[in-house]
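4 protein chains.
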Amino acid sequence: MLIVMKPTATQSEIDRVLEVIDTLGFRPHPMPGASRTAIGITGNQGAVDRAHFENLPGVADAIRVTKPYKLVSKDLRPERSVVKVGSSVIGGEELAMIAGPCAVESPDQVFEVAEVVAKSGAKFFRGGAFKPRTSPYAFQGTGEEGLKILAEVRDQFGLNIVTEAMDEYGVDLVEKYGDCIQIGARNMQNFSLLKYAGKASKPVLLKRGLSATLDEFLLAAEYVMAEGNYDVILCERGIRSFGSHARNMLDLSIVPALHKITHLPVIVDPSHGTGRNYMVDPMARAAVAVGADGLIIEVHPCPEEALCDGAQALLPNQYLELYSQVAAIRKVVQPEAETVSV
Amino acid sequence: MLIVMKPTATQSEIDRVLEVIDTLGFRPHPMPGASRTAIGITGNQGAVDRAHFENLPGVADAIRVTKPYKLVSKDLRPERSVVKVGSSVIGGEELAMIAGPCAVESPDQVFEVAEVVAKSGAKFFRGGAFKPRTSPYAFQGTGEEGLKILAEVRDQFGLNIVTEAMDEYGVDLVEKYGDCIQIGARNMQNFSLLKYAGKASKPVLLKRGLSATLDEFLLAAEYVMAEGNYDVILCERGIRSFGSHARNMLDLSIVPALHKITHLPVIVDPSHGTGRNYMVDPMARAAVAVGADGLIIEVHPCPEEALCDGAQALLPNQYLELYSQVAAIRKVVQPEAETVSV
Amino acid sequence: MLIVMKPTATQSEIDRVLEVIDTLGFRPHPMPGASRTAIGITGNQGAVDRAHFENLPGVADAIRVTKPYKLVSKDLRPERSVVKVGSSVIGGEELAMIAGPCAVESPDQVFEVAEVVAKSGAKFFRGGAFKPRTSPYAFQGTGEEGLKILAEVRDQFGLNIVTEAMDEYGVDLVEKYGDCIQIGARNMQNFSLLKYAGKASKPVLLKRGLSATLDEFLLAAEYVMAEGNYDVILCERGIRSFGSHARNMLDLSIVPALHKITHLPVIVDPSHGTGRNYMVDPMARAAVAVGADGLIIEVHPCPEEALCDGAQALLPNQYLELYSQVAAIRKVVQPEAETVSV
Amino acid sequence: MLIVMKPTATQSEIDRVLEVIDTLGFRPHPMPGASRTAIGITGNQGAVDRAHFENLPGVADAIRVTKPYKLVSKDLRPERSVVKVGSSVIGGEELAMIAGPCAVESPDQVFEVAEVVAKSGAKFFRGGAFKPRTSPYAFQGTGEEGLKILAEVRDQFGLNIVTEAMDEYGVDLVEKYGDCIQIGARNMQNFSLLKYAGKASKPVLLKRGLSATLDEFLLAAEYVMAEGNYDVILCERGIRSFGSHARNMLDLSIVPALHKITHLPVIVDPSHGTGRNYMVDPMARAAVAVGADGLIIEVHPCPEEALCDGAQALLPNQYLELYSQVAAIRKVVQPEAETVSV
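Going line by line, the protein sequences match chains A, B, C and D. For the first sequence, my numbering gives the first residue as 1, with consecutive numbering after it. For the second sequence, my numbering gives the first residue as 1, with consecutive numbering after it. For the third sequence, my numbering gives the first residue as 1, with consecutive numbering after it. For the fourth sequence, my numbering gives the first residue as 1, with consecutive numbering after it.
Hints were generated in silico from the structure; no laboratory data involved. Keep in mind it's a predicted model, so treat the numbers as computed, not measured. Just so you know, not all the hints are guaranteed correct.
For identical chains, the list gives no copy identity; a pair is met inside one copy or between any two copies.
Below are the DSSO-like pairs computed for lysine-lysine, each with C-alpha atoms no more than 30 Å apart in a straight line [to be verified]: (1) Lys119 - Lys74; (2) Lys260 - Lys176; (3) Lys84 - Lys148; (4) Lys199 - Lys67; (5) Lys74 - Lys195; (6) Lys176 - Lys331; (7) Lys260 - Lys331; (8) Lys195 - Lys176; (9) Lys6 - Lys331; (10) Lys195 - Lys148; (11) Lys148 - Lys199; (12) Lys202 - Lys84; (13) Lys195 - Lys331; (14) Lys84 - Lys6; (15) Lys148 - Lys260; (16) Lys176 - Lys119; (17) Lys331 - Lys119; (18) Lys119 - Lys199; (19) Lys176 - Lys199; (20) Lys6 - Lys260.
Required output: the full structure, derived from the provided sequences and hints.
Structural data, given as structure tokens:
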């Protein structure tokens with residue numbers, strides 16, 4: 001059930017609706033929009049009786065939602081969301097560029113890349129301190145030490161830190177040291193982790209699972225939002241397919257498909273999405289052309305020495321060239337809908 | 001690196017090798033076999049020098065392993081493993097039948113099914129107390145209350161309990177109430193959970209992820225074993241494909257492929273693997289014919305009222321009919337290799 | 001539209017219905033069944049008025065068909081079809097075994113295999129004279145010479161010949177020399193070829209395309225039948241997926257799915273379906289256990305010298321061992337529905 | 001084997017090499033490039049002895065080719081090919097725009113669209129007279145009558161005609177009435193058709209099959225070229241995947257992958273590649289951004305009345321808007337390599 005308030009509704013009318021929802025034993029999710037506030041209701045087992053709300057002052061409509069998701073939906077919030085991440089935003093007019101090494105290896109490696117990223121004009125820095133690796137014998141990340149290095153990058157370069165958490169312990173640490181909690185593709189349906197991140201105070205960057213449908217992807221975001229954390233950014237990073245010309249199949253068609261249904265920002269990771277250095281640039285251009293709100297790009301000063309995923313990392317100068325190309329394309333592509341700050 | 005001891009090696013010769021491995025800062029994984037003991041070495045970053053071991057008394061060979069996995073491999077243990085689960089085993093001559101409802105809903109529902117399962121001669125009972133659901137608004141399971149009901153089933157019917165854990169809290173509870181910790185398909189690459197289960201004292205039933213390759217599947221098992229828990233059972237439960245005639249694509253060819261590489265038992269879940277009631281019986285027959293070591297079958301007294309996955313559950317009498325058919329096929333199919341108890 | 005005649009309908013009543021369909025400018029497809037005749041109508045652009053038929057003598061019902069297929073459907077013919085192929089049948093009580101080399105290479109190679117196949121009790125011999133090869137530089141088959149060798153196999157061993165046609169020229173030659181026209185997976189949606197085969201006088205063995213859905217597969221069969229050739233045998237031979245442990249993903253779940261919808265016989269090709277010698281035996285057992293009406297198995301006296309697909313061919317003694325195993329499983333699996341000869 | 005001539009080689013030196021190849025019983029494929037001529041050799045069963053060529057006058061090198069394809073490869077021709085189609089080219093500096101209705105339905109419908117397409121500045125007109133339809137009961141095209149309408153479009157608007165052939169009869173007719181023979185995705189491995197088109201005098205536009213790997217796609221093109229028709233244009237049009245948000249999964253990563261290996265032009269069909277009207281525009285932008293040499297776009301004056309694929313057709317004004325957007329992106333994206341006319 002979705003309660004849509006009138007544009008003229010007062011705060012006390014909104015509070016009255018929240019109170020009624022609470023009294024019924026359900027959970028209210030108020031979402032203030034540009035012109036009016038909508039309130040999602042979750043926690044109900046069956047259908048909720050519209051009669052509880054229709055005649056309350058300030059209520060414009062009580063809509064039954066038949067789709068499996070509510071909070072991610074444009075029904076709840078027709079304007080695109082702009083998510084605040086540290087000192088900047090993702091989902092606004094400016095293309096969000098998140099760049100950095102796959103893994104935090106050493107202060108030197110990180111600072112060398114951070115300097116390039118800051119100089120390029122990007123606002124976000126990525127780097128993994130906890131690495132989900134297919135093999136238990138592969139490099140597993142530098143942990144809290146790595147997060148401390150990332151925190152220094154923020155202090156020194158003013159870059160906002162996006163970094164992955166693999167479990168509750170990781171979420172706590174990323175909240176402490178970083179600006180955005182990344183949840184990786186392999187954990188997209190780790191529902192315990194999603195719920196925990198839903199209680200965190202930092203935004204969540206949720207990567208699409210390798211075989212996730214659009215509905216499953218949105219419902220994973222719904223898990224986070226249903227716990228009260230509405231700051232979710234969706235990220236396409238390639239799906240599994242039969243081909244071998246790229247490591248994964250980057251599914252750019254999901255960008256317009258998501259923008260049609262959800263108000264959440266959608267970004268693209270062409271580095272993991274292709275796994276091939278030479279494809280990152282053309283696929284980054286395509287991602288911006290298709291309307292993505294941002295990009296995540298792996299940059300490494302010395303890809304052949306990288307402790308993970310070196311084959312897809314760009315050299316600093318390749319990254320700068322990429323950024324200038326996508327910026328030119330961004331100017332051509334007008335974002336399709338008005339966006340409004342949360 | 002794999003150290004293969006001579007058949008005549010004494011326990012003190014084995015202990016000496018373990019000590020050397022420890023001294024080098026690595027981790028030894030002794031695996032006693034029918035005729036000889038093999039010792040896997042993990043924790044090394046680069047190659048281990050064979051010279052450390054070749055001349056120790058009782059050592060037959062020191063083999064460099066180039067495959068990504070070690071402990072799951074038949075190189076380490078040529079005989080098939082028979083995993084003890086509660087009072088019975090999986091991987092032995094007898095087909096392991098694990099049956100029960102998808103979710104634990106109420107004592108009545110559970111006991112009604114348990115009676116049928118016990119009567120059929122099956123040794124294992126399944127039922128989820130924690131349910132990984134695609135939507136946050138779907139029934140999430142009855143939690144610890146459900147586990148207590150399952151524990152009663154064991155006491156009353158002598159059935160060994162296989163039930164899913166979704167996080168560390170769940171692993172602790174399943175260790176307390178159940179006999180086998182199931183890790184679901186969506187958590188197959190939840191590496192933090194795999195490591196935690198690797199420290200548990202109960203065997204782990206690991207389901208293949210929906211887009212997991214054979215190597216990824218084996219490496220997930222390797223994560224559990226690398227922590228010291230060698231009692232792992234692999235389970236094929238359907239992968240994602242383009243078709244819509246079944247909910248998932250049950251990949252039976254992975255059974256002989258796994259048996260060729262790993263000593264671990266391999267079972268099949270035709271209920272989740274097809275998602276269609278009418279397909280469970282023929283695909284269960286096929287799974288046994290292809291050489292699976294066991295089956296997991298969903299049974300519900302009243303599928304149309306099931307709180308989850310009713311469309312694939314069998315009625316008790318359908319289940320009994322299935323069991324008699326697969327038992328007849330099992331008699332025809334001779335397990336391909338000798339098996340030996342751990 | 002489907003006209004179902006009464007069990008008591010006379011031939012002249014049936015003829016009258018055929019005449020009316022013809023007069024309306026449509027095409028009638030009479031399908032005599034065990035207890036009654038059904039007549040499919042094709043060639044209509046929109047809906048056909050039931051009033052034309054309802055009151056004709058001998059008509060039991062005129063059913064509007066909303067499914068995309070008609071002639072393949074059990075609505076038209078509830079009993080399973082038994083297709084006559086040369087001197088034997090496919091779809092009957094006996095498991096149909098079709099065995100032979102991938103390609104016809106030389107008389108010696110062919111006769112050596114044919115002797116084994118005949119001795120095993122199989123009724124059908126396979127062997128390609130026209131080979132669809134991914135590369136234009138690979139061996140393309142021995143053409144008409146090869147077909148003449150196959151015709152000699154029939155004369156000498158009494159085996160019925162199943163062999164592939166890739167174009168109209170090939171269909172004509174297979175009609176001349178063989179007993180069953182195989183249409184390969186890559187040509188499953190070569191609609192011109194399907195239509196041409198639909199006018200042939202020999203039965204058609206239609207292989208599922210590598211990415212064909214169940215509906216697309218059935219509609220390809222419908223193309224053949226709509227031209228008047230009702231003797232179609234469906235063959236699952238593996239689909240494309242992301243895994244690499246087998247060359248293709250053999251989808252056994254399509255066997256019960258097809259049997260639920262269509263009256264046509266369904267066989268399985270575990271040789272192409274896995275592409276791995278060691279998997280052919282277990283997957284053949286599984287195919288019979290799941291209810292397939294037959295198998296196609298590649299046998300070669302010297303697989304490592306085969307001009308194509310040697311990696312999946314069985315040695316003669318492996319083939320004989322396989323046959324004895326699947327025969328034992330066939331005895332256990334009772335065909336699920338009564339079958340009736342056409 | 002690939003014979004690379006010196007830049008200074010004379011025509012008589014080239015002719016001498018061709019003669020030697022012929023004498024050896026092989027087939028020569030001379031490919032004149034910007035700076036030098038290369039000659040591919042096909043028809044050899046095993047390896048060709050380099051000694052035959054190394055010392056001939058004018059020969060720079062004789063290279064053994066280990067890849068499965070030769071004529072499509074950049075080894076043979078390092079510069080990108082520019083294919084002449086009627087009065088214009090595909091693969092050159094200008095983005096090739098091919099637009100028109102899915103099917104030729106009537107003169108009025110075709111001329112209405114043709115006028116818009118001509119006005120937009122596009123040089124190519126598409127429209128199917130033979131339609132490969134999944135169901136035998138769906139509209140199968142207007143045949144030769146449709147081709148005559150398309151020929152009139154060329155006469156009246158100066159547009160070059162791209163239209164599909166499904167069999168040899170169709171190839172003959174398209175050669176007569178059209179400018180480019182399209183081979184559809186379902187026929188990508190109809191090798192008899194590929195060979196026949198390889199003998200035609202008009203260029204071939206080859207669409208990628210729904211489950212074709214990059215190698216299979218290139219080898220299909222190689223089939224056409226091996227017969228002597230070197231004017232092949234490759235077209236990505238979506239592959240089969242598990243998702244349902246689009247009808248197919250448009251694989252844009254194959255564009256840079258193909259450009260890395262082959263000299264042939266690569267275009268993209270976002271209409272069939274998505275099957276959704278609202279996705280055509282963003283995916284067309286992405287295709288141009290990724291570096292495609294052209295686009296095929298379906299335009300229909302009245303999509304909801306279209307006899308096929310209406311859901312994906314653009315209205316004329318949507319098409320014009322799309323064209324202006326992709327033209328702006330094309331200006332930003334510099335083609336990565338120099339191109340040279342054949």
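- Message: Flag every earlier hint the structure violates by its number, smallest first.
- Response: As far as the earlier hints go, 1, 2, 6, 9, 13, 15 and 18 are violated by this structure, in ascending order.
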